[in-house]
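Here the protein sequences come in this chain order: A and B.
What the first sequence shows, in the UniProt record's numbering, is residues 1 to 118, in sequence order.
What the second sequence shows, in the UniProt record's numbering, is residues 1 to 118, in sequence order.
Please note that the accuracy of each hint is not assured.
Put simply, identical chains are the same to the list, so a pair is met inside one copy or across any two.
As the list claims (entries may be wrong) - Capping the alpha-carbon separation at 20 Å, the derived lysine to aspartate or glutamate pairs in EDC-like fashion look like this:
no., residue 1, residue 2
1, K44, E70
2, K44, D79
3, K44, E27
4, K44, D4
5, K44, D108
6, K44, E111
7, K44, E118
8, K44, D11
9, K44, E60
To be clear, the hints were calculated from the coordinates, so they are not data collected in a lab.
Model, not experiment: these values are computed from the prediction.
Number of protein chains: 2
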Amino acid sequence: MPFDPATLRYDARGLIPAIAQEAETGEVLMMAWMTAEAVARTLKTGRVTYWSRSRQAFWEKGATSGNLQELVEMRLDCDRDTLLLLVRQTGPACHTGRRSCFYTAVRDGAEVEILAPE
Amino acid sequence: MPFDPATLRYDARGLIPAIAQEAETGEVLMMAWMTAEAVARTLKTGRVTYWSRSRQAFWEKGATSGNLQELVEMRLDCDRDTLLLLVRQTGPACHTGRRSCFYTAVRDGAEVEILAPE
Numbered sequence: 001m002p003f004d005p006a007t008l009r010y011d012a013r014g015l016i017p018a019i020a021q022e023a024e025t026g027e028v029l030m031m032a033w034m035t036a037e038a039v040a041r042t043l044k045t046g047r048v049t050y051w052s053r054s055r056q057a058f059w060e061k062g063a064t065s066g067n068l069q070e071l072v073e074m075r076l077d078c079d080r081d082t083l084l085l086l087v088r089q090t091g092p093a094c095h096t097g098r099r100s101c102f103y104t105a106v107r108d109g110a111e112v113e114i115l116a117p118e
Numbered sequence: 001m002p003f004d005p006a007t008l009r010y011d012a013r014g015l016i017p018a019i020a021q022e023a024e025t026g027e028v029l030m031m032a033w034m035t036a037e038a039v040a041r042t043l044k045t046g047r048v049t050y051w052s053r054s055r056q057a058f059w060e061k062g063a064t065s066g067n068l069q070e071l072v073e074m075r076l077d078c079d080r081d082t083l084l085l086l087v088r089q090t091g092p093a094c095h096t097g098r099r100s101c102f103y104t105a106v107r108d109g110a111e112v113e114i115l116a117p118e
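Isolated chain A, as found in the complex:
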């Protein structure tokens, strides 16, 4: 079946959550949002392009920082309302300089930092 980004289920703002996972290691790097046009751009260019809710603009990951996300494969879930992106990440994915945005764990009721900036 040909894939059409318009057939995904977007929320009231026209957005769909996209999880980025490092293709080689399986590490979950971040979660951000896409519009249908961001999905189309990502597939066309092979460079992951989100929609920035704060800036209300397309956000080609790494276009300014150099920390590009190259798309290896896009997957969708059973409800067609979440995307999983297998990527090759150059440099840290997180704006804090860490490899992943998920650097805080909850252990024994406390927050523990488990990843340092690179």
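Following the hints, complete the assembly by docking chain B onto the known chain A.
This is chain B only, laid out in the frame that chain A set:
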């Protein structure tokens, strides 16, 4: 720092997205939503409990199907608006009987099923 579910950032509906990842293999299984109370219950019981948007009710994963998700570790992202749950999944995570909800890949512009029901 002690962890308080109230310090997470919820959307206008009071929800936060939670990604479930199999702790052993790194496979991303599903994405669903939690309220602050669902976060607290999950930490307290060790059984992953979401908020069902369609049923508007707590949804202890596997309580009816037996396909429980046991929490191994909860992590939060830099913006405190997304959770990553490392879990031990009993049976398939997807209601279609597949191990993961992300069983559809986009390859050469077409949708391809990459996981069969177990």
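Exercise. Which numbered hints turn out to be false for this structure?
Worked result: Of the numbered hints given earlier, those the structure breaks are 2, 3, 7 and 8, listed in rising order.
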